[in-house]
Every structure is written in structure tokens, then in C-alpha cells.
Amino acid sequence: GAVVSQHPSRVICKSGTSVKIECRSLDFQATTMFWYRQFPKQSLMLMATSNEGSKATYEQGVEKDKFLINHASLTLSTLTVTSAHPEDSSFYICSARDDRGRNQPQHFGDGTRLSIL
Amino acid sequence: QKEVEQNSGPLSVPEGAIASLNCTYSDRGSQSFFWYRQYSGKSPELIMSIYSNGDKEDGRFTAQLNKASQYVSLLIRDSQPSDSATYLCAVSLGYSSASKIIFGSGTRLSIRP
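These protein sequence lines are chains A and B, in that order.
Counting in our numbering, the first sequence runs from 274 upward without gaps.
Counting in our numbering, the second sequence runs from 86 upward without gaps.
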């Protein structure tokens with residue numbers, strides 16, 4: 274089945290650090306990838322839609338200058354949390370849908386647990 | 086009104102029984118419907134997808150879709166303790182890979198031995 278690889282799985286760093294998270298589709302191409310954030314015991318929250326070769330589309334309330342997204346190829350999207358602070362600590366998950374065919378489900382990476390001290 | 090609604094639970098079901106999870110959605114133009122399972126601290130994994138009215142069975146899982154009622158459900162037969170997780174209903178408004186998938190807030194299922 275379709276595999277999405279997300280790296281790193283866990284980050285612990287000091288306040289003010291910028292953290293980059295990578296999301297790769299391993300056996301399919303994905304023009305569009307999605308970034309979610311999930312706080313403990315809460316539901317998935319879509320942060321932004323990453324578009325290959327163009328600007329990401331951010332959901333309302335998500336700071337685009339804080340969460341930089343780059344989708345440089347059909348298999349790689351990156352999310353950079355700039356100058357992270359403790360309130361940015363969360364579980365970040367990416368997902369992608371295969372470009373081939375219709376009605377494809379989203380496949381999720383394993384997530385990145387970000388802890389800002 | 087939320088776009089995809091689920092009862093948050095927890096839903097407690099005895100081992101071996103049938104667990105029934107329900108979901109309603111607001112957009113009549115929705116095209117594709119998915120059920121994901123999420124264990125605590127893990128990312129969601131796809132359980133079932135369904136696109137047309139009726140039932141779709143895969144092992145112990147059956148997805149049911151009724152577009153007229155804007156309702157989709159998931160039945161889990163012979164429930165096992167390993168089925169204890171949060172189940173997310175997801176709805177796609179379009180066919181293409183660029184179409185957003187809207188997730189419900191999830192139903193927490195607990196299978197008691």
C-alpha cells in the first residue's frame with residue numbers, strides 16, 4: 274500500500290529554535306500534501322495544504338510566516354516551524370493522496386512529536 | 086454546524102460484540118468517505134473507504150453509506166481489545182488528489198474484556 278514517510282519522529286529543542294519536518298511519499302507522486310497538528314486528546318486540525326511548485330494554502334488562524342511550507346518535488350514537502358515556542362509543542366502529521374486515479378484516500382506519515390522547552 | 090459530526094464517546098462494547106460507529110456530514114456534494122483508526126499517540130491509519138450507497142465489507146469491518154441521509158457508519162464484528170482506539174470519519178468533497186478531506190473529531194471506542 275501507499276507509504277508516507279515523515280521525519281524526524283520526535284524533536285526536543287529549546288525555545289527559539291527552528292525545526293524542519295520532512296514528509297515524503299515513497300511509492301507514489303503527490304502534487305498535494307497536507308499538514309495537520311493534533312494537541313493531546315483533541316482532533317486533527319488541518320494547518321495547510323502544500324502544493325508542488327506553488328504557495329501553500331493555509332487554514333484560517335494559521336500563521337504562514339510561522340509555519341513555512343515548501344513542496345519542491347512531487348514526493349517531498351517540508352514544514353518548518355520557525356522560532357518555536359512552548360505553545361508550538363504538538364503532534365504534527367503530514368498526509369498525501371496519490372495523484373493517480375480518483376477517490377484516493379489520504380495516507381498519513383507516522384507524525385512528529387515536537388516538544389519545545 | 087460541523088461539516089463532519091461524530092459522537093465523541095467513549096463507546097464501550099464487550100469483547101466479541103458488534104461495535105457500531107456513526108457519522109453524518111453536511112455537504113451533499115461529498116464524493117468519498119473514509120474511516121481511519123487512530124491509536125493514542127499514533128497517526129491515523131486507513132481502515133475502509135466507500136464511495137457509493139450501500140455496504141462494503143472487509144474482514145470484520147463493514148462500512149455503510151447512505152447519501153440521501155448524509156450518513157456513513159462503520160460496523161466492527163467480533164470486537165477485540167485491539168480495536169480499542171479513536172475512529173475518525175473523513176469525507177472528501179472532490180475526486181482529485183488536491184481535494185481536502187474533512188475529518189470528524191472522532192469516536193473513542195473501548196472494547197471491554
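Because the hints were derived from the structure by calculation, they are not lab data.
On a predicted model such as this, the values are computed, not experimentally measured, just so you know.
All C-beta atoms, glycine included, are put in the ideal place defined by N, C-alpha and C.
Wrong hints could be hidden among the right ones.
[Claimed, not checked] The calculated EDC-like cross-link candidates involving lysine to aspartate or glutamate, where the alpha carbons are at most 16 Å apart (straight line), are: (1) Lys287(A) x Asp371(A); (2) Lys127(B) x Asp372(A); (3) Lys152(B) x Asp112(B); (4) Lys185(B) x Asp383(A); (5) Lys152(B) x Glu90(B); (6) Lys127(B) x Glu90(B); (7) Lys339(A) x Asp371(A); (8) Lys185(B) x Asp371(A); (9) Lys185(B) x Glu332(A); (10) Lys185(B) x Asp112(B); (11) Lys339(A) x Glu325(A); (12) Lys185(B) x Glu100(B).
[As the list claims (entries may be wrong)] Example chain A residues on the side facing chain B (calculated, C-beta under 10 Å, incomplete): (13) Gln302; (14) Ala303; (15) Leu319; (16) Phe340; (17) Thr351; (18) Asp371; (19) Gln377.
Right, here's what the structure says about each hint:
no. : hint                  : in the structure
1   : Lys287(A) x Asp371(A) : violated, 36 Å
2   : Lys127(B) x Asp372(A) : violated, 25 Å
3   : Lys152(B) x Asp112(B) : holds, 10 Å
4   : Lys185(B) x Asp383(A) : violated, 20 Å
5   : Lys152(B) x Glu90(B)  : holds, 15 Å
6   : Lys127(B) x Glu90(B)  : violated, 22 Å
7   : Lys339(A) x Asp371(A) : violated, 28 Å
8   : Lys185(B) x Asp371(A) : holds, 13 Å
9   : Lys185(B) x Glu332(A) : holds, 11 Å
10  : Lys185(B) x Asp112(B) : holds, 13 Å
11  : Lys339(A) x Glu325(A) : violated, 20 Å
12  : Lys185(B) x Glu100(B) : violated, 35 Å
13  : Gln302                : holds, 9 Å
14  : Ala303                : holds, 7 Å
15  : Leu319                : holds, 7 Å
16  : Phe340                : violated, 17 Å
17  : Thr351                : violated, 17 Å
18  : Asp371                : holds, 6 Å
19  : Gln377                : holds, 6 Å
In terms of the numbered hints stated before, the structure departs from hints 1, 2, 4, 6, 7, 11, 12, 16 and 17, listed from lowest to highest.
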